[in-house]
Amino acid sequence: MLKDNLDKYIKENLENARVDWDKNAMWDDIEKQLPAKEKDRKGLLYLIGLLFLLMSVAICFFAINGNVDNEPAVAFMQNEGPLDKNTTELNDANAHIFSRPIIDEKSPQTDSDDVAKVKDTNTNTNTNTTTNTNTYANSSADLKINTIGKVKVDDLERKSNYGSEKKSIQITEEHTIALPVINPSELITIDSAVLDSKVVSIDQVSNAISLIERLESISNIGFKKLLISNRDLPNIRSEQSMIEISKAPNKGLQLGVYSGIGIADRTLQSQSNDDLLELRDQNETVLEVIRGGLTLRKKISHNFSIGAGIEYQRINERLDYIESSQTTVTVTSDSAYVANTASGSLQYFSGKVDGVVTSSQRFIRYNAHHNISMPLHVGYYTSLAPKIEVSAYAGPVINLYQGYEGYNINLDGYIVETDAIRSGSILSAFDAGLSLDYGMSSCIDISIGAFYRRALSAFSIDSNIDQSYDNLNLQVGILYNFY
Amino acid sequence: MLTSDRLMNVSRRYTNSLEDAKDVLQNAYVKIFINLKNCDLKNGNIDGWLSRIVVNEALQLYRKKKKDNNRDVLYQQGLKEISAPEIIARLNAEDILKLMKRLPEGYRMIFNMNVVEGFSHKEISEQLGIAESTSRSQLSRAKELLRDIINDQKKAELC
Chain C
1 MLKDNLDKYI
11 KENLENARVD
21 WDKNAMWDDI
31 EKQLPAKEKD
41 RKGLLYLIGL
51 LFLLMSVAIC
61 FFAINGNVDN
71 EPAVAFMQNE
81 GPLDKNTTEL
91 NDANAHIFSR
101 PIIDEKSPQT
111 DSDDVAKVKD
121 TNTNTNTNTT
131 TNTNTYANSS
141 ADLKINTIGK
151 VKVDDLERKS
161 NYGSEKKSIQ
171 ITEEHTIALP
181 VINPSELITI
191 DSAVLDSKVV
201 SIDQVSNAIS
211 LIERLESISN
221 IGFKKLLISN
231 RDLPNIRSEQ
241 SMIEISKAPN
251 KGLQLGVYSG
261 IGIADRTLQS
271 QSNDDLLELR
281 DQNETVLEVI
291 RGGLTLRKKI
301 SHNFSIGAGI
311 EYQRINERLD
321 YIESSQTTVT
331 VTSDSAYVAN
341 TASGSLQYFS
351 GKVDGVVTSS
361 QRFIRYNAHH
371 NISMPLHVGY
381 YTSLAPKIEV
391 SAYAGPVINL
401 YQGYEGYNIN
411 LDGYIVETDA
421 IRSGSILSAF
431 DAGLSLDYGM
441 SSCIDISIGA
451 FYRRALSAFS
461 IDSNIDQSYD
471 NLNLQVGILY
481 NFY
Chain W
1 MLTSDRLMNV
11 SRRYTNSLED
21 AKDVLQNAYV
31 KIFINLKNCD
41 LKNGNIDGWL
51 SRIVVNEALQ
61 LYRKKKKDNN
71 RDVLYQQGLK
81 EISAPEIIAR
91 LNAEDILKLM
101 KRLPEGYRMI
111 FNMNVVEGFS
121 HKEISEQLGI
131 AESTSRSQLS
141 RAKELLRDII
151 NDQKKAELC
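Chains C and W, in that order, are what the protein sequence lines are. In terms of the working numbering, the first sequence opens at residue 1 and continues consecutively. In terms of the working numbering, the second sequence opens at residue 1 and continues consecutively.
Extracted from the complex, chain C is given alone in its bound form (with noise of 0.2 Å):
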């Protein structure tokens, strides 16, 4: 009986007893040992990769449907053999480039909507400089003819109106459209195109029917002096030259927005320490590189760019790092030893003990370098596909600004806060890149590329180890272009 209650009163007891104790102290000391709150990531990169991922759908989807029809129709003709242009009558083999389509100007508006009322005629046009006696379809058999496109008139209506875009047609002596029809049930034949990059976009054709629009609405005689004008080029040699004119559209200035994700390879180097640099070469991770910025691209001539933007580069990393002192101290105990002595009783004896206190503790800290720079770009662009265009570009990049946000080991091992970083040069690396651009409308272009950053120069954050980082990243961004 007694031995439960005994139990049970000392349970009792115990359970309620209080404890005098400095709790402030030990929050503070649970606060330090808890592993840094682990930056929530994921969902930035979940973001960023899903936005990857509908521009690649959306390019791909507007892609498609700007090549619905692909079968051959949109012929361009080419002849090999020199043009005269003091030449007031072309052979058969010339005489298709100034056959144009002759609008019906007593009745226009009879003819059949589907072919733009243009009318598939053989008329001389124009007494002082071309006489045309074949139709176009006839004298194609004798051409050489490179099969472009295939466009049907119902798609050519409609994607001339294709969103909001405004269609204006600047007829100048670099463009030379000629529409004759083929079959107007069916098809409209187009003799213009891209002579080097063998594409005819949808841009073009519906330039090509609203030039028939306006067509219509001139005279015979404005046509013809259209086609003069055309003809009277200077340096025409041959037809080749006439139909390169007609090269895909100088968007001239663009102006754009993009951000990206990457992966980042950093490089220390030690100066006098190459303990410490492996100290931190095994206890620092580069995690990834976020970046975003605008641009600015101006098409210059022969295919070239040249651009500058504006960029804020981030790359985190993570220092996981057990810091551990040692300290020897003293302890005189009163119960350093315990004894029975011969009565039965115990006697405790003080005691003086010399120990090494070993204490440790884990760091896992999440870094950032910061960085503002100006890349400067040249590149080189070319037409992959309809408004599909492929871009290499490469410079400079210039360091503006650069930060270091967290923590670091120190010389003695321990981990400090990162004082302010000392900075290298100004030239701070090299880009390399390719970037495929996809024309959504005349003004916005959607780019997705990826290049390869290598760093020109070092910066250190602790005066005694310098670091650099190459980075590998993958961009999106959106181009306005300023015609």
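If you are wondering where the hints come from, they were derived from the structure by calculation, not from laboratory data. There could be a bad hint or two in this list.
[What the hints assert, rightly or not] Here are some chain W residues the structure puts well away from chain C; computed CB gaps all over 12 Å:
1. I46
2. R52
3. L59
4. Q60
5. K122
6. E126
7. E132
8. S133
9. T134
[As the list claims (entries may be wrong)] Some chain C residues judged to face chain W by a derived CB distance under 7 Å, without partners named:
10. D7
11. I10
12. K11
13. N13
14. L14
15. A17
16. V19
17. W21
18. K23
19. M26
20. Q33
21. V57
Note that beta-carbon positions come from the ideal geometry of N, C-alpha and C, so glycine has one too.
Let chain C serve as the given structure and place chain W on it in line with the hints.
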């Protein structure tokens, strides 16, 4: 009683000093915070879970110390009846804690785990890495020794 006080109480029972108790509680709290997301707060017994972590942490310290200094003083003395129940009644929690401190650490662990926390001998044997029979016998000896200590206390008061 605040949870932290209650857990400190548990920790204090299993350790020799307040400093050890603080260390145990601190380490336990770190584990609690790290593993909090894995704890089923709705369905589980949160108090029991918290106590278990503190006890486990204390046992870990005990095992470490035992490994460092494997020389628990074992008391083999005859069973003595407690002849003065009134002495027990006069003991408060602090006194009992002091008495408990005079028990060899191994005994104290087993006594605490069984009598106060309600661990079975099987659980104790698993936690401490000993045989169940050892747990039983050491608990018995812990109780005997506690009675001895109380009797000594009584004698001292009479003198």
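| Contradicted hints - numbers only | 21
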